[in-house]
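**Student:** Chain residues, written in single-letter form:
Number of protein chains: 4
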Amino acid sequence: MSSFLAVPGMALEQQTMRFHNPINPFTLTAATPSVVRTMDRFDALIQDLVIANRILAREEVVDAYGHVSVRHPDNPNRFLIARSLAPELVGPEDIVELDLEGQPVRDESPSLYLERFIHAAIFAARPDVMAVVHAHAEDTLPFGIAQQTKLRPVIHSGSFIGTEVPVWDIADKFGDTNLLVTNMAQASDLAKCLGGNTVALMRGHGFAAAAGSLIEVVRLSVYLPRNARALIRARQLGGEITYLSRGEIDARNRGYSSYSVETWRAWEYWANRAGCGHLLTRPADHTAKDASRDR
Amino acid sequence: MSSFLAVPGMALEQQTMRFHNPINPFTLTAATPSVVRTMDRFDALIQDLVIANRILAREEVVDAYGHVSVRHPDNPNRFLIARSLAPELVGPEDIVELDLEGQPVRDESPSLYLERFIHAAIFAARPDVMAVVHAHAEDTLPFGIAQQTKLRPVIHSGSFIGTEVPVWDIADKFGDTNLLVTNMAQASDLAKCLGGNTVALMRGHGFAAAAGSLIEVVRLSVYLPRNARALIRARQLGGEITYLSRGEIDARNRGYSSYSVETWRAWEYWANRAGCGHLLTRPADHTAKDASRDR
Amino acid sequence: MSSFLAVPGMALEQQTMRFHNPINPFTLTAATPSVVRTMDRFDALIQDLVIANRILAREEVVDAYGHVSVRHPDNPNRFLIARSLAPELVGPEDIVELDLEGQPVRDESPSLYLERFIHAAIFAARPDVMAVVHAHAEDTLPFGIAQQTKLRPVIHSGSFIGTEVPVWDIADKFGDTNLLVTNMAQASDLAKCLGGNTVALMRGHGFAAAAGSLIEVVRLSVYLPRNARALIRARQLGGEITYLSRGEIDARNRGYSSYSVETWRAWEYWANRAGCGHLLTRPADHTAKDASRDR
Amino acid sequence: MSSFLAVPGMALEQQTMRFHNPINPFTLTAATPSVVRTMDRFDALIQDLVIANRILAREEVVDAYGHVSVRHPDNPNRFLIARSLAPELVGPEDIVELDLEGQPVRDESPSLYLERFIHAAIFAARPDVMAVVHAHAEDTLPFGIAQQTKLRPVIHSGSFIGTEVPVWDIADKFGDTNLLVTNMAQASDLAKCLGGNTVALMRGHGFAAAAGSLIEVVRLSVYLPRNARALIRARQLGGEITYLSRGEIDARNRGYSSYSVETWRAWEYWANRAGCGHLLTRPADHTAKDASRDR
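Protein chains in written order, with our numbering: chain Y, 1144 to 1438; chain X, 1144 to 1438; chain G, 1144 to 1438; chain P, 1144 to 1438.
Treat the hints as calculated values from the structure; they're not laboratory data.
Wrong hints could be hidden among the right ones.
The list treats identical chains as interchangeable, and a pair is accepted whether it falls inside one copy or across any two copies.
Stated by the list, open to error - Within a straight-line C-alpha distance of at most 25 Å, the following computed DMTMM-like cross-link-like pairs (lysine to aspartate or glutamate) qualify:
1) Lys1335 - Asp1312
2) Lys1316 - Glu1383
3) Lys1293 - Glu1203
4) Lys1316 - Asp1393
5) Lys1335 - Asp1393
6) Lys1293 - Asp1282
7) Lys1293 - Glu1281
8) Lys1293 - Glu1307
9) Lys1293 - Glu1383
Can you build the whole structure from these sequences, using the hints too?
**Tutor:** Structure representation (structure tokens):
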């Protein structure tokens, strides 16, 4: 168990108590210079990765399958992700560190996600990306199967999927497979299809999403199926569909900030819904709410 | 924190205990003369605003985003709304007082909702309106995107959306924006589109609803998506749709009262579902049920 | 409070304890001769009516609105129903006794359901009916609005809606109303439309269901929306629909018994789901399960 | 009660404690030689059957109706299944042993499932099958009713339904019935229709699924409705549908193992969701998570 990043024998509650020095984890980027309080900052990031896992489970973006990762704050050539475990069950002690080939950094590793290469390849191809989600969210699936209708933003919260959502079909290059992305060649091909976009659909399988922070990639992943449902139902109503214009998508991206009050509001809400409001680290400029306390 | 309306250091439970003199908060209007017991009456209204926030969250009208407000009982030029916080997490201590330009009345204000101007503009334009909701309820979205099919009442509980639900498109007047209503000019344009109706859809974004009391605007907001779903599915079945007639809509409006046993029944039910049955103030003519007690 | 049927000051738990002599309440009919243990038998029926209320709430057949009633076991000219209260919140102390004009039998009555006449008229018109439900279950609504597609059984659990589900439109005879059935004239017209069937849809409003026992009317009401959904989706798939044949519907009715192990299994399951497994009275021939005990 | 397989008077919690020697229950097949620790192995299988029942309930594959069975590990001519009880409520003490005619092995039997013959006939016809599910999962129903659209795999997790899902109509051979499979003649006809496939749809009723282990048949049954929904929605989007190719289905089957880390991950997740993470037996090569412990 020495390969785990957190103190194994320590209960989650106790670990939470250590976050006595609240630093906004969303300010972390690969370029942030290492400081004296590195350990605290790193622990806060692990904590956020746990929250991200549980939010994605609660919001039904993932079930037993699907995963979320974050680039290592001090080493851009590494990323953090859970061992092979349903996201709903992930705790700090389940986080492992992998390199950009998807290989574990330490020797004694537990079982790993078969598809960890998706994360490795996207982090390798996109220096701007700090966090990655791969999931099978049900309502995104139809757009990978019936490729005539393009998935495009129709609601403001769906704007972050951008002007184009490419569909990657593993069969195009790799023929008949089990559809899983189980090596770097497949993952790199997916990353190439993703290009500079934020989401790529994977035919008959799910999607890969990439963003500049954990909170952004979680938000993107939660609203992606909602945008999909709104579009499916709008098509059922018939007539012309009004998509978000390129100008609107750009305006939303310009106005978006991982640091803003509005962004934090959703993170805080989802964390509480997922039963881990008590794990929230409290940025200095907010009065975070842990709903389990005052009810 | 001195700008908050409730005693900050006081837990919700304790605050509840102060409602020893149950006055039906639904009788409050801007015209009600100020009386000796103003403080109690005011506290009861704050309490109801908290309940409204939690009901809208529980019934999935809002998520981290969306908000509900009520006009100030003693000053029609002010309204009460939560600080920037997910409605699910709102308590009495989170309520702030704003003027009809959307500006905070007190100096030391916490972060505010970006779109508070929606409320300000509707309260300014419509003296008859005592409560406003803005939300993104998922099943209302298709009708803003595929504008060929008008959203109209098809079920009796949907009658309160009225004979016409206008669709406001921010792009018509303001071009490419981030779709949020972030100033009075935009909000006034939305209020103008709303006109004398109870609901306006906002293209690619959500809706704004206005009513004569908190309980009415909550009921309107909960049944709006239900009416939308019934209409979407009726259209899937094909053939002619039977909408409510204008006469039926009028008959329902005539028979409706915020004070009635029937109206209270839903408020009480939703409050219990939202886990805040214990916050209900008990009108003299009812035997309110707090389900958490007798189970 | 003297008009209530149960001991008002007595908690639900305590009242449950009185059911020490378990008699299967499903064997009760209006024709059952009164026996020495009448009180126990009657209490068990009240208990079952409470369970029925909570099941219908849990299974989303009703919300704050909608109600269930049972004919009085000793007087076929009376029926039992809750006072004006959301079914989710109903306890034994909330049950009142009404006559077949929908009027309360005792003087000091609490507020009553506006639409209690639906029950009165159906009990009056149909001596074979022992229990009635009126509700607005969402997925039944489209079939009242888009009347081109008839609601008919397509799944075996939907067989009890019978070969024909008439649609009653209050406007046909009563013009522009608030769509509620608020007097005996309207209710009798609805009962006439129902005829010898088990379910009538009410345009833009909901449905009325009638059956030979509480358990049957609950089962009918829970599977009605499921049958509706299966039919809506089958139509989306296109092509010819295979409905249950008249022979199949008859075969299922012949084989059905309120007393059977199979019927009890669902009642027990739903009661546990609704959090009131502990209220189940235990028929002699069963080993009832209260899930709250062995978990 | 002597016919029950577990110690009747023993609470579930206590029984769990006996699983001190964790053996992976998924390694059990009819061919496994009997060993000294047979009792433990057998108890573990009973425990897994309980978990399977509760998972199917939690994931809405079954409600009060539907059942799951497993072939007896030491006698291929017998199988284990619950007595007539909703799967949500099944405990170890409710498991009975039946022969391949669907008859109980012991004399004093409790009430049995009417449709137990489905299991008997499939176990009799298919020596490779170790576990069977019969259920009415809602979203599989449309494909039995509107037979124009074939149910075929469109998502990778749906691959296990195979290249063909036959639709069995009981009316073809048995005319007007109550649609239930209540004798061996009907069940054998269904098994014949199933042939070498993993799933057969039953018109107007549900489906029967067969697999090489409990975990496989559960996974198959959970993802079957998901695949159905993805296909229904993809058809709504219009245009050509991309199904999984035969080569992809074969590749997935080749790569699948009941023993793998990936398979266990879902089982563990679903068991925790169903509230019985504490019943999981812990295979030697895993660190199983019981979410009820560290939250």
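**Student:** None of the hints should be skipped; say for each whether it holds.
**Tutor:** Structure-based check of all given hints:
no.	hint	in the structure
1	Lys1335 - Asp1312	within (12 Å within a copy, 36 Å between copies)
2	Lys1316 - Glu1383	between (35 Å within a copy, 21 Å between copies)
3	Lys1293 - Glu1203	within (23 Å within a copy, 27 Å between copies)
4	Lys1316 - Asp1393	between (33 Å within a copy, 18 Å between copies)
5	Lys1335 - Asp1393	within (23 Å within a copy, 27 Å between copies)
6	Lys1293 - Asp1282	both (14 Å within a copy, 20 Å between copies)
7	Lys1293 - Glu1281	both (16 Å within a copy, 20 Å between copies)
8	Lys1293 - Glu1307	within (8 Å within a copy, 29 Å between copies)
9	Lys1293 - Glu1383	both (14 Å within a copy, 13 Å between copies)
The structure agrees with every numbered hint stated previously.
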